[in-house]
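A.B. asks: Just so you know, the sequences run in chain order D and E.
With the working numbering, letter number 115 in the first sequence gets 115, and the count goes up by one each step, no holes.
With the working numbering, letter number 151 in the second sequence gets 151, and the count goes up by one each step, no holes.
No lab work stands behind these hints: they were computed from the structure.
Where hints are given, some of them may not hold.
[As the list claims (entries may be wrong)] Distance ranges between label pairs, derived from CB positions:
{"hint": "1", "chain 1": "D", "residue 1": "Asp57", "chain 2": "E", "residue 2": "Gln188", "range": "40 to 50 Å"}
{"hint": "2", "chain 1": "E", "residue 1": "Trp174", "chain 2": "D", "residue 2": "Tyr52", "range": "30 to 40 Å"}
{"hint": "3", "chain 1": "D", "residue 1": "Ala148", "chain 2": "E", "residue 2": "Arg17", "range": "46 to 56 Å"}
{"hint": "4", "chain 1": "D", "residue 1": "Ser85", "chain 2": "E", "residue 2": "Asp156", "range": "24 to 34 Å"}
{"hint": "5", "chain 1": "D", "residue 1": "Thr50", "chain 2": "E", "residue 2": "Arg17", "range": "42 to 52 Å"}
[Said to hold, decoys possible] In the DSBU-like style, the derived pairs of lysine-lysine whose C-alpha atoms are separated by at most 30 Å in a straight line are:
{"hint": "6", "chain 1": "D", "residue 1": "Lys176", "chain 2": "E", "residue 2": "Lys127"}
{"hint": "7", "chain 1": "E", "residue 1": "Lys43", "chain 2": "D", "residue 2": "Lys176"}
{"hint": "8", "chain 1": "E", "residue 1": "Lys48", "chain 2": "D", "residue 2": "Lys176"}
{"hint": "9", "chain 1": "E", "residue 1": "Lys72", "chain 2": "D", "residue 2": "Lys120"}
{"hint": "10", "chain 1": "D", "residue 1": "Lys80", "chain 2": "D", "residue 2": "Lys48"}
{"hint": "11", "chain 1": "D", "residue 1": "Lys43", "chain 2": "E", "residue 2": "Lys120"}
{"hint": "12", "chain 1": "E", "residue 1": "Lys127", "chain 2": "D", "residue 2": "Lys120"}
{"hint": "13", "chain 1": "D", "residue 1": "Lys43", "chain 2": "D", "residue 2": "Lys176"}
{"hint": "14", "chain 1": "E", "residue 1": "Lys58", "chain 2": "E", "residue 2": "Lys48"}
{"hint": "15", "chain 1": "D", "residue 1": "Lys58", "chain 2": "E", "residue 2": "Lys127"}
Cβ atoms here follow ideal geometry from the backbone N, Cα and C, with glycine treated the same way.
Protein chains: 2
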Amino acid sequence: MAITADNEIPEIKEREREILAVAAQLFAQDGFETVAVRNIAEKVGLSKATLYHYFKDKDEIYARIVIDTLEKLCLITEEKVAEASTAREKLAYFMEANARFFEENIWTATAMLLGLGGLKQPHARDKAAYWRDRHEQNIRQIIEAGIAQGEFREIDPVVGGRAILSTLNWMARWYKPEGPRRAAEFAQDYANFFLEGFNRG
Amino acid sequence: MAITADNEIPEIKEREREILAVAAQLFAQDGFETVAVRNIAEKVGLSKATLYHYFKDKDEIYARIVIDTLEKLCLITEEKVAEASTAREKLAYFMEANARFFEENIWTATAMLLGLGGLKQPHARDKAAYWRDRHEQNIRQIIEAGIAQGEFREIDPVVGGRAILSTLNWMARWYKPEGPRRAAEFAQDYANFFLEGFNRG
Chain D
1 MAITADNEIP EIKEREREIL AVAAQLFAQD GFETVAVRNI AEKVGLSKAT LYHYFKDKDE
61 IYARIVIDTL EKLCLITEEK VAEASTAREK LAYFMEANAR FFEENIWTAT AMLLGLGGLK
121 QPHARDKAAY WRDRHEQNIR QIIEAGIAQG EFREIDPVVG GRAILSTLNW MARWYKPEGP
181 RRAAEFAQDY ANFFLEGFNR G
Chain E
1 MAITADNEIP EIKEREREIL AVAAQLFAQD GFETVAVRNI AEKVGLSKAT LYHYFKDKDE
61 IYARIVIDTL EKLCLITEEK VAEASTAREK LAYFMEANAR FFEENIWTAT AMLLGLGGLK
121 QPHARDKAAY WRDRHEQNIR QIIEAGIAQG EFREIDPVVG GRAILSTLNW MARWYKPEGP
181 RRAAEFAQDY ANFFLEGFNR G
C-alpha cells in the first residue's frame, strides 16, 4: 500500500497539533460544553468527517489537551528545577517555570485548568491524575527537602504545595498576556511572598 | 386586588432564594452552559412558566447568584475584619472569613468563582465588578496599612492581595467539604505562610 502524504506521521502529528490548539482556544474562551466538534472542524478548515479521522470525539480531544499539557508542564518544570541547588532556589524555579509554561501555552493550559466537566474516560483520568500528582509531589518534595536541610521552617508540605499551586493555577482566571508584566514575573513575586513572608522582621 | 399568598414578599423572597440555590448547585456541578431553565424548574418543582415569573432568563438567575454572593462575601468579611486591630490580625481574619463564607455557601460561591461565560448584561457586570473590586481593595488596604505601620515589609499590595485571593479562590477547584479539615483552617495556614513565609529565619 502506498503511503499517501496524509498518512505520513509528521503531517498527521502536525494536523493533530493544529486541531488540539484550535480546540483548546475554543474550550478556554467559550467553555467545553458550548463548543461542538463542528466548530472545531470549521476553524481548522476541515470537514467534520475528516476531523473524526484524527479524534473519536470531543472528549478524546479534551483528554489529549489535558494529558499533553500536564505532562509537558511537569517535565519542563522538573528540567528547570534540576538546574537549581538550594530548596529556596528550587521553589522559585518551580514557580517561574510553571508560570512561563502557562503563558507560552495559555489556551491549552487554561482549558486544562478551568475544565469543569473533567475527563470522562477512566484511562484518561488516570493518566491526567498521574501527571498532576507527580507535579504536586515535586513541589512537596522541594518543601520537604527545604525543611530537612534547615532552609524552611516546619510547615505542612501538602498545604504549602497547594498554596503555591493555587497562586499559579488561578492565573487562568485573571492573567492577561497583553498586559505589561509577564506571568513569570508575577510568579517571582509570589515565590518571594512564600519564601520571605510579608513580615518586616 | 386581594393579595394572594404567592404575592406576599416573604414568600416570593423564599421561592427566589430556593431557585437561586438550586440553580447555583446545578451550575457548579454541571457548568453554566449545560444547565437549562427547564432543569432548574424541575428540580425546584415548578413549571418553567412559573419560574419565568421570578426570573427573566438563565442569565438573570446567574447574575443574581454572582452579585448576591460577591456582596455578601464582601460585607461579611468587612464585618469580621473590623473586629481585628493589627494588620497581621486583619489579614488572617480576612482570609478566614472568606474561606468560612466559601464553605457555608459552597454552591453559590463555586458557581460565582468558576463561572466561565461571565455576565452578559452590562449593568450586572458593573454591579459584580463593584463588589469584586471593593473586596480586592479591602485586602490591599490591609496590606498598605501593614506597611505604613511597619508590620509588613514593602511589598506590592496589588500582587500581595492577588496572591491571597488566589489561594482562597482556587479552593473552588479542589476543596471537598466532606473532608476532615474546614476551609477556614486551610485559610489559617495560608495566612501564616503569607505572614511568616517558609523561611526558617
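A.B. asks: Does each hint fit the structure? Answer for all of them.
C.D. replies: Hints and how they fare:
The hint said 40 to 50 Å for the Cβ distance between Asp57 (chain D) and Gln188 (chain E), and at roughly 44 Å that hint holds. As the Cβ distance of Trp174 (chain E) to Tyr52 (chain D) is approximately 34 Å, the hint placing it in 30 to 40 Å holds. Distance hint for Ala148 (chain D) and Arg17 (chain E): a CB-CB separation of about 52 Å, consistent with the stated range 46 to 56 Å. Taking the beta carbon of each, Ser85 (chain D) and Asp156 (chain E) are about 28 Å apart, inside 24 to 34 Å as hinted.
For the pair Thr50 (chain D) and Arg17 (chain E), the beta carbons lie near 50 Å from each other, so the given range of 42 to 52 Å is met. Using a Cα cut-off of 30 Å, the hinted pair Lys176 (chain D) and Lys127 (chain E) holds, with the two alpha carbons roughly 22 Å apart. For the hint pairing Lys43 (chain E) with Lys176 (chain D), the CA-to-CA distance comes to about 38 Å; that exceeds 30 Å, so the pair is violated. Taking the CA atoms of Lys48 (chain E) and Lys176 (chain D), the gap is near 39 Å; set against the 30 Å cutoff, the hint is violated.
The hinted pair formed by Lys72 (chain E) and Lys120 (chain D) fails the criterion: a straight-line CA distance of about 35 Å is larger than 30 Å. For the hint pairing Lys80 (chain D) with Lys48 (chain D), the CA-to-CA distance comes to about 40 Å; that exceeds 30 Å, so the pair is violated. Between Lys43 (chain D) and Lys120 (chain E) the alpha-carbon distance is near 24 Å, which keeps this suggested pair within the 30 Å criterion. The hinted pair formed by Lys127 (chain E) and Lys120 (chain D) fails the criterion: a straight-line CA distance of about 36 Å is larger than 30 Å.
Straight-line distance between C-alpha atoms of Lys43 (chain D) and Lys176 (chain D) comes to about 23 Å, which keeps the hinted pair within the 30 Å bound. Note on Lys58 (chain E) and Lys48 (chain E): the hinted pairing holds, with a Cα-Cα distance of about 11 Å set against a maximum of 30 Å. For a cut-off of 30 Å, the pair hint linking Lys58 (chain D) to Lys127 (chain E) is broken: about 36 Å separates their Cα positions.
Comparing the model with each numbered hint stated earlier shows that hints 7, 8, 9, 10, 12 and 15 do not hold.
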